[in-house]
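Numbered by our numbering, the letters in the sequence shown go through residues -4 to 295 in order.
Errors might be hidden in some of the hints.
Each pair of labels, with its calculated beta carbon distance range [said to hold, decoys possible]:
1) PRO208 x THR167: 32 to 40 angstroms
2) PRO145 x ASP273: 21 to 29 angstroms
3) ASP289 x GLU27: 20 to 28 angstroms
4) GLU56 x ASP114: 27 to 35 angstroms
5) ALA285 x GLU254: 38 to 46 angstroms
6) PRO208 x GLU233: 29 to 37 angstroms
7) PRO145 x ASP266: 26 to 34 angstroms
8) THR243 x THR167: 24 to 32 angstroms
9) ASP292 x ASP266: 47 to 55 angstroms
10) PHE116 x SER291: 25 to 33 angstroms
Hints are computed from structural coordinates only; laboratory data are not their basis.
Note that CB positions come from ideal geometry on N, CA and C, so glycine has one too.
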Amino acid sequence: MRKALATCLILFIAAFAFATGIEEAAELGTEENPIIWALVPSGETQAILAGADELAAMLEEETGYVFEAIVAADYAGVIEALSSDPPSAHMAALNTFGAILASERGVAEVGLIAVRRGDPFYGGQFVVAADSGIESVADLAGKTFARPDPNSTSGWVVPSIVMQANGVDPDTDLLEVVDAGGHSGVISAVYNGSADAGASFVDARGSISDDNPDVNDRVLVLEEYGPIPNDGIQYSTEMPAEMRAAITQAFLNIADTEEGVAAMFSVYEWDEIIEQDDSFYDPFRQVLEAAGVDLSDFLD
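Construct all of the structure, not just a fragment, from the sequences and the given hints.
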């Protein structure tokens, strides 16, 4: 009798668990639980996503894992996705400063660094409207300034340091700061007159030149700065080591093919990708520290 009651109890618990949806989570990298790759809106979102989808398909073929690429609304959104419990993003393509913030928070580690035109570093630029009368960084005081995002390395963090070195406090001396949603958005804002000046990577003007062939006449480069370590691929600290290693090798294999290089270029204009760890960003961390940048302000 007791055995029969125990059997009935087990069956009841199993039925209850099934009915209420209490079941073990599907294995990561499967159709039911794909690896979410979160990207930042550095350029035109649909173009980024199209290239990322191509790369995701190549990664699936190389690894056997299932991937899903998404483009977040902003840089902070990707870090929050990595920080959730469980993570709602398992790998990312963060910019330099975003990667440092994610590392400081303990939610992501660098695995790969992008190379453009043979260089794992890049430069930034101040741009101004041709009719703005701005001739130096000091002249930015009292002007409307466009940035890609509050956590953009070349579009806000570094130019803020440069402005301070030239006597301009970006928090109090700028008339208005416009969040343009990406580097191409910065160029568009200066081009169409909604901002007097802005900052982007070198040379983001090409991102809107097809539709605006006179962009280089209407949007002028005021000053360049750098070098800045390139962006790359980061992995959630929750991702198993063997999965991370397989994905890293898959990226390196893909980067050796013409199709792979074309897909990488369409996402963020990557020509190549190299394996690196978090220490790659240490010299830039020292620059931020020397400039008095408090990472905790951004982590909040």
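Checked hints:
About 38 angstroms separates the C-beta atoms of PRO208 and THR167, a value consistent with the hinted range of 32 to 40 angstroms. Evaluation of the 21 to 29 angstroms hint for PRO145 and ASP273 yields a pass: the beta carbon distance comes to about 22 angstroms. In this structure the hint that ASP289 and GLU27 lie 20 to 28 angstroms apart at CB is violated, the actual value being about 42 angstroms. Look at GLU56 against ASP114: about 29 angstroms separates their beta carbons, and that is inside 27 to 35 angstroms.
The beta-carbon spacing between ALA285 and GLU254, approximately 42 angstroms, falls within the hinted interval of 38 to 46 angstroms. PRO208 and GLU233 have their C-beta atoms about 47 angstroms apart, which leaves the hinted 29 to 37 angstroms range violated. For PRO145 and ASP266, the hinted distance range of 26 to 34 angstroms is satisfied, since their beta carbons lie about 28 angstroms from each other. For the pair THR243 and THR167, the supplied restraint of 24 to 32 angstroms is violated, since their beta-carbon distance comes to about 44 angstroms.
One distance hint, 47 to 55 angstroms for the beta-carbon pair ASP292 and ASP266, is violated here, with the actual separation near 34 angstroms. PHE116 and SER291 have their C-beta atoms about 26 angstroms apart, which keeps the hinted 25 to 33 angstroms range intact.
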